[in-house]
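Novice: Sequences listed follow chains Z and B, in order. Reminder that position 14 of the first sequence reads as 14 in our numbering, one-by-one numbering, no gaps. Every number in our numbering is 1000 more than the matching position in the second sequence, counting from 1.
Hints were generated in silico from the structure; no laboratory data involved. Incorrect hints may have been included.
As the list claims (entries may be wrong) - With a cut-off of at most 30 Å between alpha-carbon atoms, the simulated BS3-like pairs for lysine-lysine come out as follows: (1) B:K1071 with B:K1057; (2) Z:K49 with B:K1071; (3) B:K1071 with B:K1009; (4) Z:K68 with Z:K49; (5) B:K1083 with B:K1009; (6) B:K1057 with B:K1014; (7) B:K1057 with B:K1009; (8) Z:K42 with B:K1083; (9) B:K1014 with Z:K42; (10) B:K1070 with B:K1009; (11) Z:K69 with Z:K58; (12) Z:K49 with Z:K69; (13) B:K1083 with B:K1014; (14) B:K1071 with Z:K42; (15) Z:K42 with B:K1057; (16) Z:K58 with Z:K68; (17) B:K1057 with B:K1083; (18) Z:K42 with B:K1070; (19) B:K1009 with Z:K42; (20) B:K1057 with Z:K49; (21) B:K1057 with B:K1070; (22) B:K1009 with Z:K49; (23) Z:K42 with Z:K58.
Fair warning: this is a prediction, and the values are worked out from it, not measured in the lab.
Residues per chain are reported as follows:
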Amino acid sequence: AQSVTQLDSHVSVSEGTPVLLRCNYSSSYSPSLFWYVQHPNKGLQLLLKYTSAATLVKGINGFEAEFKKSETSFHLTKPSAHMSDAAEYFCVVSDRRGATNKLIFGTGTLLAVQP
Amino acid sequence: DGGITQSPKYLFRKEGQNVTLSCEQNLNHDAMYWYRQDPGQGLRLIYYSQIVNDFQKGDIAEGYSVSREKKESFPLTVTSAQKNPTAFYLCASSISGALWNTEAFFGQGTRLTVV
Chain Z
1 AQSVTQLDSH VSVSEGTPVL LRCNYSSSYS PSLFWYVQHP NKGLQLLLKY
51 TSAATLVKGI NGFEAEFKKS ETSFHLTKPS AHMSDAAEYF CVVSDRRGAT
101 NKLIFGTGTL LAVQP
Chain B
1001 DGGITQSPKY LFRKEGQNVT LSCEQNLNHD AMYWYRQDPG QGLRLIYYSQ
1051 IVNDFQKGDI AEGYSVSREK KESFPLTVTS AQKNPTAFYL CASSISGALW
1101 NTEAFFGQGT RLTVV
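Chain Z extracted, bound-state conformation (with noise of 0.2 Å):
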């Protein structure tokens, strides 16, 4: 079965530093995997997605995501940290079970940038 797992639930940086949110993932089939962010009380947006074409993966704001099969893993990445990045960040993988594309949600990193 699919799942992720988000190994840190919180992580702070500062304005102007590197910014890693780790994501490791189980699939029995070659996995479509995305990362979305959550401002306080808002919706989720799209980062970016992983669907078996290049390994590293480009996102809006700056952000992006490699994808490594021999690891399981999919982290998140900015190589410089602004202040309105400061939300909630999931990662997700798509459950390929049966006939319907269901999203399986990791529990949530929740990033603070500091002045």
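Using the hints provided, position chain B relative to the given structure of chain Z.
Specialist: This is chain B only, laid out in the frame that chain Z set:
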């Protein structure tokens, strides 16, 4: 602008009452989903629908009901049988429920509080 509209943004309900959350999309998407979000638990799937007049239970369907009479609309009713209804509810849609590599688009959510 195309998107998903959830209403109301905040909802208060007395114990023992049923309440209906609205979700409308103008993206011409076939599939629609309802998720529940609780702190530290990520998003959990309540119900999903691949096409009009069809819907399936997700992982936590007990105490909830849905209908899909129109492609654009997928209302969720939280019944009095739901033992812990206070949560943030998110509606989503995707172009097709059968394509495993497609992302979901989310509404802004409804925060339900039982008083």
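Novice: State for each hint whether it applies.
Specialist: Tested hints:
Restraint check for K1071 of chain B and K1057 of chain B: satisfied, since their Cα atoms lie roughly 18 Å apart, inside the 30 Å limit. Distance restraint check for K49 of chain Z and K1071 of chain B: the Cα-Cα separation of roughly 26 Å lies within the 30 Å cut-off, and the hinted pair is therefore satisfied. Straight-line distance between C-alpha atoms of K1071 of chain B and K1009 of chain B comes to about 22 Å, which keeps the hinted pair within the 30 Å bound. Only pairs whose Cα atoms come within 30 Å are accepted, and K68 of chain Z paired with K49 of chain Z is accepted, the gap being roughly 14 Å.
Straight-line distance between C-alpha atoms of K1083 of chain B and K1009 of chain B comes to about 21 Å, which keeps the hinted pair within the 30 Å bound. About 25 Å separates the Cα atoms of K1057 of chain B and K1014 of chain B, which keeps this hinted pair within 30 Å; it holds. Our distance criterion of 30 Å between C-alpha atoms is met by K1057 of chain B and K1009 of chain B, whose separation comes to about 24 Å. For the given pair, K42 of chain Z sits about 25 Å from K1083 of chain B by alpha-carbon distance, which is consistent with the 30 Å threshold.
About 24 Å separates the Cα atoms of K1014 of chain B and K42 of chain Z, which keeps this hinted pair within 30 Å; it holds. Restraint check: the Cα-Cα separation between K1070 of chain B and K1009 of chain B comes to about 22 Å, which is no more than 30 Å; the hinted pair holds. For the suggested pair K69 of chain Z and K58 of chain Z, the alpha carbons sit about 18 Å apart, so the restraint of at most 30 Å is met. Annotation: proposed proximity of K49 of chain Z to K69 of chain Z holds, straight-line Cα distance about 15 Å (limit 30 Å).
Under the criterion of a C-alpha separation no larger than 30 Å, the hint pairing K1083 of chain B with K1014 of chain B is consistent with the structure, at around 12 Å. Of the supplied pair hints, the one linking K1071 of chain B and K42 of chain Z holds, its CA atoms being roughly 24 Å apart against a limit of 30 Å. Proposed proximity of K42 of chain Z and K1057 of chain B is supported: the alpha carbons are some 25 Å apart, at most 30 Å. This hinted pair checks out: K58 of chain Z and K68 of chain Z have alpha carbons roughly 15 Å apart, not beyond 30 Å.
About 17 Å separates the Cα atoms of K1057 of chain B and K1083 of chain B, which keeps this hinted pair within 30 Å; it holds. For the suggested pair K42 of chain Z and K1070 of chain B, the alpha carbons sit about 25 Å apart, so the restraint of at most 30 Å is met. Distance restraint check for K1009 of chain B and K42 of chain Z: the Cα-Cα separation of roughly 10 Å lies within the 30 Å cut-off, and the hinted pair is therefore satisfied. With a C-alpha separation of about 26 Å, the suggested pair K1057 of chain B and K49 of chain Z falls inside the 30 Å cut-off, and the hint holds.
About 18 Å separates the Cα atoms of K1057 of chain B and K1070 of chain B, which keeps this hinted pair within 30 Å; it holds. A distance of roughly 28 Å separates the Cα atoms of K1009 of chain B and K49 of chain Z; the hinted pair therefore holds under the 30 Å criterion. Of the pairs offered as hints, the one joining K42 of chain Z and K58 of chain Z holds, with about 23 Å between alpha carbons and a cut-off of 30 Å not exceeded.
Figure legend: structure checked against the earlier numbered hints; every hint is met.
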